[in-house]
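Enquirer: Listed here are the chains, written in short residue letters.
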Amino acid sequence: MSSFLAIPDPQAARRLFLARSGLVLSGAAVALLAGRDALAAKSGGAKAADARILNTALAAELEAIAAYQLGAESGLLQKPVLDLAVQFQGHHKEHADVLAKTVHQLGGKPVSAKSKYDFPVEGLKNQTDVLRFAAKLEQGAVSAYLGAVPLFGNRDLSKAAASILGDEAMHWAVLRQALGENPVPVAFVS
Amino acid sequence: MIRVAFAAVIAALAETAAAGGDAARGEELYARCTACHALAYDRVGPRHCGVLGRRAGAVSGFDYSDAMTRSNLVWNAKTLDRFLADPMRTVPGTTMTYAGVPDPKERADLIAYLSSAKCDRPRG
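Line order of the protein sequences matches chains A and B.
Position 17 (the first sequence) corresponds to 16 in numbering that gives the first Met the number 0; numbering is contiguous.
Position 51 (the second sequence) corresponds to 50 in numbering that gives the first Met the number 0; numbering is contiguous.
Treat the hints with care, as some may be off.
[As the list claims (entries may be wrong)] Pairs of lysine-lysine residues, derived as DSS-like cross-links and limited to a Cα-Cα distance of at most 27 Å, are as follows:
#1 Lys113(A) with Lys77(B)
#2 Lys100(A) with Lys78(A)
#3 Lys108(A) with Lys124(A)
#4 Lys113(A) with Lys135(A)
#5 Lys117(B) with Lys124(A)
#6 Lys158(A) with Lys108(A)
#7 Lys108(A) with Lys104(B)
#8 Lys104(B) with Lys115(A)
#9 Lys115(A) with Lys92(A)
#10 Lys117(B) with Lys77(B)
#11 Lys78(A) with Lys124(A)
#12 Lys100(A) with Lys158(A)
[Claimed, not checked] DEER-style ranges, computed between Cβ atoms:
#13 Thr68(B) with Lys78(A): 45 to 53 Å
#14 Val188(A) with Ala57(B): 17 to 25 Å
#15 Lys113(A) with Arg69(B): 18 to 26 Å
#16 Gly92(B) with Lys113(A): 33 to 41 Å
#17 Val85(A) with Asn71(B): 40 to 48 Å
#18 Arg24(B) with Lys108(A): 23 to 31 Å
#19 Val85(A) with Pro103(B): 18 to 26 Å
#20 Thr68(B) with Ser111(A): 34 to 42 Å
#21 Asn71(B) with Pro149(A): 26 to 34 Å
#22 Gly89(A) with Ala57(B): 34 to 42 Å
[Unchecked claim] Some, not all, of what chain B presents toward chain A, calculated at C-beta under 8 Å:
#23 Ala30
#24 Val43
#25 Cys48
#26 Lys104
What the hints contain is simulated information worked out from the structure, not anything from laboratory work.
Since the structure is predicted, the reported quantities are computational estimates derived from the model, not experimental observations.
Where a beta carbon is used, it is the ideal one built from N, C-alpha and C, also for glycine.
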């Protein structure tokens, strides 16, 4: 996927084609391509607001990548849990990549990864600790995306954020399962 | 005048609600915050230890938005209740791009938890 907005449907394919044709897709252009003139007419302020939401999500994704790196390098994870952690980290890298590209498309400056993250390493003594730490991050990510979905001016971005939310929820469920907990304890996330 | 009185009533209600919050329930609800926050260390958002009574934008070394730094808020039950209800409306330009916690009881529970939480690092 080359952009947060390039989701696999005909509209997205059209955007992707245009993007690869060398056209820069502004937020307004995306809205026009999606057939939502009202969104396209939104001000630069609306685009800036969307970019700010995406940048906060990007910062959290970059931190998640670092957290999984910490877990993978800790020596505390055994296969197949280690493979799972690396796979989930890969998803977060994909999220971060498309979020950064979309912030850029919207005229914003994507945030960068911190040079150092402050994780509670003193509390990570075994595989269960690492899994619990990761599950907590993924649960928080579900809530964060849920709290972001209704905020976007551009509904395409809400749809894309919901797509990521679904992926984070799967991570959370699998991690709960690995911890021996009910993987899906509730009918609704909050 | 009526507006001022109304605001005072709302503020009093918020204080009362926070005072009656369930910290244990608040700890459960705090899981929603853990994509970006921790009690004892800074993450995407600043640490929450000692937030009650702290001026907004005042955690040393944390890179706040200009909006938060200039908000002139001091975090207490009333201001936290208002911010948690609708962060982006309370502090336009904040990087806490979250729709908010619409349920007053849940906000009170969260504030009760933040008021009572211990700050030993391993809890995160």
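Enquirer: Determine for every hint whether it applies to the structure shown.
Expert: Cross-check of the supplied hints:
no.: 1; hint: Lys113(A) with Lys77(B); verdict: 33 Å, violated
no.: 2; hint: Lys100(A) with Lys78(A); verdict: 33 Å, violated
no.: 3; hint: Lys108(A) with Lys124(A); verdict: 38 Å, violated
no.: 4; hint: Lys113(A) with Lys135(A); verdict: 20 Å, holds
no.: 5; hint: Lys117(B) with Lys124(A); verdict: 21 Å, holds
no.: 6; hint: Lys158(A) with Lys108(A); verdict: 22 Å, holds
no.: 7; hint: Lys108(A) with Lys104(B); verdict: 37 Å, violated
no.: 8; hint: Lys104(B) with Lys115(A); verdict: 37 Å, violated
no.: 9; hint: Lys115(A) with Lys92(A); verdict: 17 Å, holds
no.: 10; hint: Lys117(B) with Lys77(B); verdict: 21 Å, holds
no.: 11; hint: Lys78(A) with Lys124(A); verdict: 17 Å, holds
no.: 12; hint: Lys100(A) with Lys158(A); verdict: 16 Å, holds
no.: 13; hint: Thr68(B) with Lys78(A): 45 to 53 Å; verdict: 46 Å, holds
no.: 14; hint: Val188(A) with Ala57(B): 17 to 25 Å; verdict: 32 Å, violated
no.: 15; hint: Lys113(A) with Arg69(B): 18 to 26 Å; verdict: 24 Å, holds
no.: 16; hint: Gly92(B) with Lys113(A): 33 to 41 Å; verdict: 21 Å, violated
no.: 17; hint: Val85(A) with Asn71(B): 40 to 48 Å; verdict: 46 Å, holds
no.: 18; hint: Arg24(B) with Lys108(A): 23 to 31 Å; verdict: 39 Å, violated
no.: 19; hint: Val85(A) with Pro103(B): 18 to 26 Å; verdict: 43 Å, violated
no.: 20; hint: Thr68(B) with Ser111(A): 34 to 42 Å; verdict: 20 Å, violated
no.: 21; hint: Asn71(B) with Pro149(A): 26 to 34 Å; verdict: 28 Å, holds
no.: 22; hint: Gly89(A) with Ala57(B): 34 to 42 Å; verdict: 38 Å, holds
no.: 23; hint: Ala30; verdict: 5 Å, holds
no.: 24; hint: Val43; verdict: 4 Å, holds
no.: 25; hint: Cys48; verdict: 13 Å, violated
no.: 26; hint: Lys104; verdict: 13 Å, violated
Hint check: violations occur at hints 1, 2, 3, 7, 8, 14, 16, 18, 19, 20, 25 and 26; the rest are consistent with the structure.
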